[in-house]
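Chemist: For this one, chain A is given, so just place chain B on it according to the hints.
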Amino acid sequence: MSGEILLSVDDVSLSFGGVRAIADVSFDIRKGEVRAIIGPNGAGKTSMLNVVNGFYHPQKGEITYRGRTRARMKPHEAAEQGIARTFQNVALFKGMTTLDNIMTGRSLRMKRNIFWQALRHGPALDEEIKHRRVCEEIIDFLQIEHIRKTPVGALPYGLQKRVELGRALAMEPELLLLDEPMAGMNLEEKEDMSRFIVEANRLRGATIALIEHDMGVVMDLSDRVVVLEYGRKIADGVPDMVKSDQKVIDAYLGAGR
Amino acid sequence: MDLLRAIFIDPFAQMIGSPDLLAQTIWEGFVGGVLYALIALGFVLIFKASGVFNFAQGIMMVFAALTLVGLHEKGVPAWVALILTIAVMYALAVGIERLVLRPLVNQPDIILFMATFGITYFLIGLGELVFGGNPKSMITKELFLPGGSIDLHIPGGRVQLQKLDIAAAAVALIMVAGLALFFQKTRIGRALRAVADDHQAALSVGISLNQIWVIVWFTAGVVALATGIFWGARSDVSFALQVVALKALPVLILGGLTSVPGAIVGGLIIGIGEKLGEFYWGPLLGGGIESWLAYIIALAFLLFRPQGLFGEKIIERI
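Note that the protein sequences, when read in sequence, are chains A and B. Our numbering applies: residue -14 is where the first sequence begins, and numbers increase by one. Our numbering applies: residue 3 is where the second sequence begins, and numbers increase by one.
Hint data in this document are derived by calculation from the structure and do not stem from the laboratory. Certain hints may be false.
[Unchecked claim] 27 Å max Cα-Cα, derived BS3-like pairs, lysine-lysine:
1. K134(A) / K187(B)
2. K175(A) / K115(A)
3. K143(B) / K76(B)
4. K187(B) / K115(A)
5. K138(B) / K187(B)
6. K45(A) / K59(A)
Pulled out of the complex, with its shape left as it was, chain B reads as follows:
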């Protein structure tokens, strides 16, 4: 009885008892969720256009952030470093298309998947070689990202909002909304979806696969850079950061591998869910459930709705 009470009654009583703590927890979960969503977005972009699950997305995030900070350390002004980093991500997209995707066109998906492992280790090596392996701190001030916090007064107490978190959420929302529109409503968006659907048919209407792949990998690179800046600002810029990219997996399962809105909703559910779980139910299990709760949620989803919340139902005629 005590256990049931501790699971089903106490946490909710606690929530109602101190709404400020609840709001604070939800806000922190929200920010984490937004950042998960950004990472997931990078995966979705590439998966949509080339059917490849890009294992290197996590490391692309670290690599982008590292390039930005590393260039600044070498004396390049922050804004120039930002532009240079975007250029580097473009060069990376072109390189990957030329050297990896083009020779492997029409190979089974698993081969391309393995190739993204190769890209991962290449980027780790290159990053360490050029910028060293030590953790660096993100140049938030130089990029004019706000610091400090705002106190929000609500009935029953106050909630502290980091300005940086607000900026992260705003940037993420703008990016997601922009990309969703872009995919649905424009020629290139349509071409991206067409390539994802059927390579041969896409070629026959005059869509150049090579061009589309470069656009997609570049977009994923820019998204990775944005994610890297905000994750880097919350902790450090180091290779350990790629572990958070793993959290994108449950987000993807939840939202559906092919859905941009799915990535953001999935991200928010996972982000808020794990913070609430940790804060209210964590003590029952001795804490630390934040690190695995997301995977349990994803597993439950796989059982009942394998295409995710917004994923395309696979229609197969037999």
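In isolation and in its complexed conformation, chain A is listed as follows:
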């Protein structure tokens, strides 16, 4: 797991008004690894992901992705560069079916112009069919065939999370950001989701950055872990090392504060 560095975050600070969400945090993500970001509630984990995919622009610091340092990137540009994500509180297109939701993940790869699309003929139709096939494969992979035509707003939470992962995978991302993919799931659903994440990583070659509260999952899945507390980085390393770090234990148990 010592691939080249895909993304590096250097000295990033982000604040909202007077509230410091992230303070001078640096870490990197290597190609092909599963990188976990953990920490107590309010540690700045989600803010960190939002910085990486361009929802937030940090006041200070640099982000280098694929060797290119960027100033400001918009979310749809991040998507063009191969960064996909899921959200803590599921952001799906609720009125659309599972299949349509996953198809939106292909939108960047469908290039036929609006006129062909309006006619829905010729090249646009071929393209639609080709991408449909990719989506059907993802649906098979995630075992959600039975809900292909169901509007996702009507699905139980666990399945919505799965559809959201499917939409992100449809983008064939190089870097996949997962914000608490297992929140609110039961044990069985967590096991399924863990399997999907591992397979997305190994078989589909996505590098993964993962925020998760279930320590068992984090320790099993991830190659390296970065720990945040109150917007600062307090530990960074392989799971075993992080687990026995005194600062991390204090942060979680609230000792000495």
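Modeler: Chain B only, in chain A's frame:
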């Protein structure tokens, strides 16, 4: 007893007695309904993609028609004027996206709604400034729209169909069918629905909000132009025309704010309903019920089916 008879029996006896009058009334209602549907379609497009109820849709219709006629008055050939007007609607879409929507992104819907009031008054001012406030007549002949009428013979008499009305219905049906397909089956259609549903999620899969908004407002502008041409041809092109846009409200309530097929069915129900009501029941109340019947129908719908006939049921998990 006489009253009940006048309400429940006489009108129907009249319908059966002279089917030609009935057919004529339905046809007129149908044409009016198609045009209501076109206006409603403009609202639906923008509402679907940006969740904004665009109060300016009515004035966009007048503005488009006025630009077309105004350019022709200034000596521009009709076809060139048509193309120029489409270009103006595109520029308007880009302008609205840059100057109004982009700065207001993530603001509550009511703020965007108020902003469309601003757009309304801006367009009224701009239209009057450039083309003057006098009513103008639509350049139907120059646009090769047919004039005159066809007589259709049916058992019991004949029905007179204006060729212009037939053209209006045909154009409207083609537009509605095209847009419905476009929304359901294409990438951009899907992107439009995605943006309507969740801005953040749409951004994360790489959909550019700005681009989608321009497409939507431009499409709504073209629909407004088509509507303006046909409404303008039936009366005059003047700012008073925006009042008919208000009729789109009951149509929207009936059809559902988010449904393209709903806009057309709602339009037809309102159009035919108000003509039949006016012709057969109007005399009971001294006439003039055409102007408010639509709102009563809409009110009844709000009580029993607030999402409209085809609107998306709002699913909320608690």
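Chemist: Failing hints, ascending?
Modeler: Those not satisfied are hints 2, 5.
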